[in-house]
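Chains A and B are the protein sequences, given in the same order. The first sequence runs 274 to 473 under my numbering. The second sequence runs 16 to 231 under my numbering.
No wet-lab data here; the hints were simulated from the structure. Quick reminder that beta carbons are idealized off the backbone N, C-alpha and C, glycines included. Honestly, I wouldn't trust all of these hints.
[As the list claims (entries may be wrong)] Coverage of chain B stretches by chain A, computed from C-beta distances (three or more under 8 Å per stretch; other residues unrestricted): (1) 51-59; (2) 220-231.
[To be verified] If you anchor each label on the Cβ, the simulated ranges turn out as follows: (3) B:42 - A:442: 23 to 29 Å; (4) B:213 - A:446: 43 to 49 Å; (5) A:418 - B:64: 29 to 35 Å; (6) A:362 - B:189: 21 to 27 Å; (7) B:37 - A:446: 23 to 29 Å; (8) B:56 - A:465: 51 to 57 Å; (9) A:403 - B:84: 41 to 47 Å; (10) A:357 - B:94: 25 to 31 Å; (11) B:55 - A:354: 24 to 30 Å.
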Amino acid sequence: MKAVRRILESVLLLAPLAASPAQGQTWYSLTYQPSLPLGNTQDFTDNFGWRGVGFDFKKPVKENLTLGLSFGWHVFDQQTDEVISAFGADISGDQFRYVNSWPVLANISYFFGTQGRPRPFVAANVGTYIMEHRLDIGLYSIHETNWHFGFAPELGFAFPIRPDLAAVLNGRYNYALSAGSVDDQSYVTFGLGVAWSRGF
Amino acid sequence: MPRYGIVLLGLTGLVALGTACHPDEPTSVAELDVVATAHDDTVNFASIGTYVMPDSVVEIVPPESVATALPFNHAYDQLILDGVATKLAELGYTRLPSFAGAPPDVVVLIKGVAVQNTDVYVSYPWWGYWGWYGWPCCYGPGWGAGYPVVSVSQYDVGTIAIDMWDLRRADPVAMQIPAIWTAALRGLLEGSAVDAPFRIDQAIDRAFAQSPYLAH
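Just chain B, with the same shape it has in the complex (with noise of 0.2 Å):
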């Protein structure tokens, strides 16, 4: 190849590195949120009219997270539960104020889990590798043996979890109340505490937009 051919060769390498595997990653903590919904396809939610909602976000700590579990900030429960509440009087749900009285069709409740992720990833330097695999056959004093990198990366991860329970299916034998729809809004518990209530209702919005069969 002539040697002008080396110098395009060269312009290849700028382009490839132009060429990036995976170009516009995620730049904001934001775009790292996701909404999760199950629910129970047998129930006919233009059915239920009335539901209980308790007026504060109850913390949890799942089991498997004992030891990483931290403390859940109660600064926007009152966001969170109002946009909720706003959603399901749109979808034509109606809130009474307690269980006196007639009772609830079903109840909705809201957790929040905070948590702390810690990821190890463990690599090894080629050249150490190979100094390694030599020793002590044909390598004196001076090879190294090589040692792993190590890298850590921990984050904060935070999830609201939102579960509607059908009362009128309640089994008092088995003291069982079947859920029948959960929502669950997931996201770093990082970024600017400016941007917090913006993720929150973006949040809301995604786990009804995408539960249609809620709507009456």
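For reference, chain A alone in the conformation it holds in the complex (with noise of 0.2 Å):
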């Protein structure tokens, strides 16, 4: 925890230190994240996550780079009945299983094109993950919350709807490391929404 809070920190401080000609330039984002998992979180949850939103704030530090803060909560579910070996013995019935993720991530973006065009970018988040597995079977329930350190690779697209708004298009390749009990995590998020870009 001590080394996500002193990266995210570090991204926080450095923000007033850099050039900003942009001054009054904001974006916050809405957008609606349904997301594919990948890896572990596959094995304990196969099924599309059609649940999950996010919320992202940038400033612009310099022309065309932003830092900002993202947030999000991501849900993937899976029922199955399939038999699992606990404690001695092989247990079967029906399984409930979930994962609830939040990430908490500090980022850094550049936007490719020039202002009031449709606007690539690409970003680079890196923070926390705050992680929910539970496994509910019978009148049995085995959970675990863990903080995973985390980063997020991210392509996305602006395109202007009006002055100061914009449709946003994202898509989010999120890896948090192992932490607890439980094994490093991974999958894919596709945003779609809305963002309030003055001056992009």
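Please dock the two separately framed chains into a single complex, following the hints provided.
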């Protein structure tokens, strides 16, 4: 956790030091984020995650370059009756498995193109993923919540709809390192939403 | 953020409501049924030819459940016995009618347990906590101490246990017969009586399906 806090602080503290030719510019975006589980996340919950939202804030620090924060909530679930082995026994029954992921990430983004035109952008996100893994079977529930350090490269497009408002499409590969007894987790989010993009 | 941003944040709240943390939770009692099996992996089950099984389900009360035990409903005994016998026959086991004559290789005993479980949840409302915290320093009469919110959940649970005992390895000195396979079929004693046969059949199917080593 200390490492995560240090990175977040570093990113935020660096912001005022950067040149800021774009005073007054801000970016708030709200996106619906369905997600595709990968790796260990997929092993636990195989279904495509249709439940997800994200909120992003960006502030320019140089021309075309922003620093920001990103928050999200992504839900994966799967119902299965496969047999699990635990406590020296084989156990079957309807299992209800859930992964809830709440990423809290700092990011740096670079926007291509010019203001008022469709603008592709790339971003690097780093921070923490608060992840809850839960398995319900019968009257029993096994759950664990951990703070995972993680990162997420991102590609996106902003299409101006009118001044200060843009449609946003983005894709983000989320990778969270292992934490507690939970192995590393990964998934891809596909974002579709709007951005209040003053000055972009 | 512009005004319409607030509107859209409200919409986000609606989306968030739709994105419940734990969607698709169980909707029927049958979805809460669980089957657990365990076996002695040093045993070659293919070498077992014959078994004896009593013609009734034995009601037992575990020592830890004396105070909460319920009468076991024997209405489904025959269904359970027939279901287990059918599965064992399919696997190649021959049922002997009794201990008379050649001794069987194993004994299969089916037991039934019914207990009432009670869970108590206690939580403290935050306003009561702070009211209590400030008194008597800064807050006078009228500030409540707050009381914990207590909720009680009570439910009846039934378990059918199928045990297989290896008579060939009975120890006459220690007077012990090793159990080589056990299956526990556990479920809520709730729901429609019409569903009970289906739930029992499904549980027996699961017990044998997850024990492939029993096959000859």
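Checklist entry - Range hint 23 to 29 Å: satisfied by the CB atoms of residue 37 of chain B and residue 446 of chain A? => result Since residue 37 of chain B and residue 446 of chain A have Cβ atoms about 25 Å apart, the given range 23 to 29 Å holds.
Checklist entry - Are residue 362 of chain A and residue 189 of chain B spaced within 21 to 27 Å by their CB atoms? => result The hint (21 to 27 Å, Cβ to Cβ) holds, given that residue 362 of chain A and residue 189 of chain B are roughly 25 Å apart.
Checklist entry - Given a hinted range of 43 to 49 Å, is it respected by the beta-carbon distance of residue 213 of chain B and residue 446 of chain A? => result holds (45 Å)
Next on the checklist: A range of 51 to 57 Å was offered for this pair. Does it hold for the Cβ distance of residue 56 of chain B and residue 465 of chain A?
Outcome noted: holds (52 Å)
Item to check | Verdict for residue 418 of chain A, residue 64 of chain B (Cβ pair) under range 29 to 35 Å | outcome: violated (52 Å)
Item to check | Verdict on chain A covering the region 220-231 of chain B, criterion of 3 CB contacts below 8 Å | outcome: holds (count 4)
Next on the checklist: Is 24 to 30 Å respected by the C-beta to C-beta distance linking residue 55 of chain B and residue 354 of chain A?
Outcome noted: The hinted range 24 to 30 Å holds for residue 55 of chain B and residue 354 of chain A, with Cβ atoms some 25 Å apart.
Checklist entry - For the pair residue 42 of chain B and residue 442 of chain A, does the Cβ-Cβ distance stay inside 23 to 29 Å? => result violated (36 Å)
Next on the checklist: A range of 41 to 47 Å was offered for this pair. Does it hold for the Cβ distance of residue 403 of chain A and residue 84 of chain B?
Outcome noted: For residue 84 of chain B against residue 403 of chain A, whose Cβ atoms are near 43 Å apart, the range 41 to 47 Å holds.
Checklist entry - When you take the CB atoms of residue 357 of chain A and residue 94 of chain B, is the distance between them in 25 to 31 Å? => result holds (27 Å)
Next on the checklist: Closer than 8 Å Cβ to Cβ for three or more residues is the test here. Does the region 51-59 of chain B pass it with chain A?
Outcome noted: holds (count 3)
Against the hints set out earlier in the document, violations occur for numbers 3, 5.
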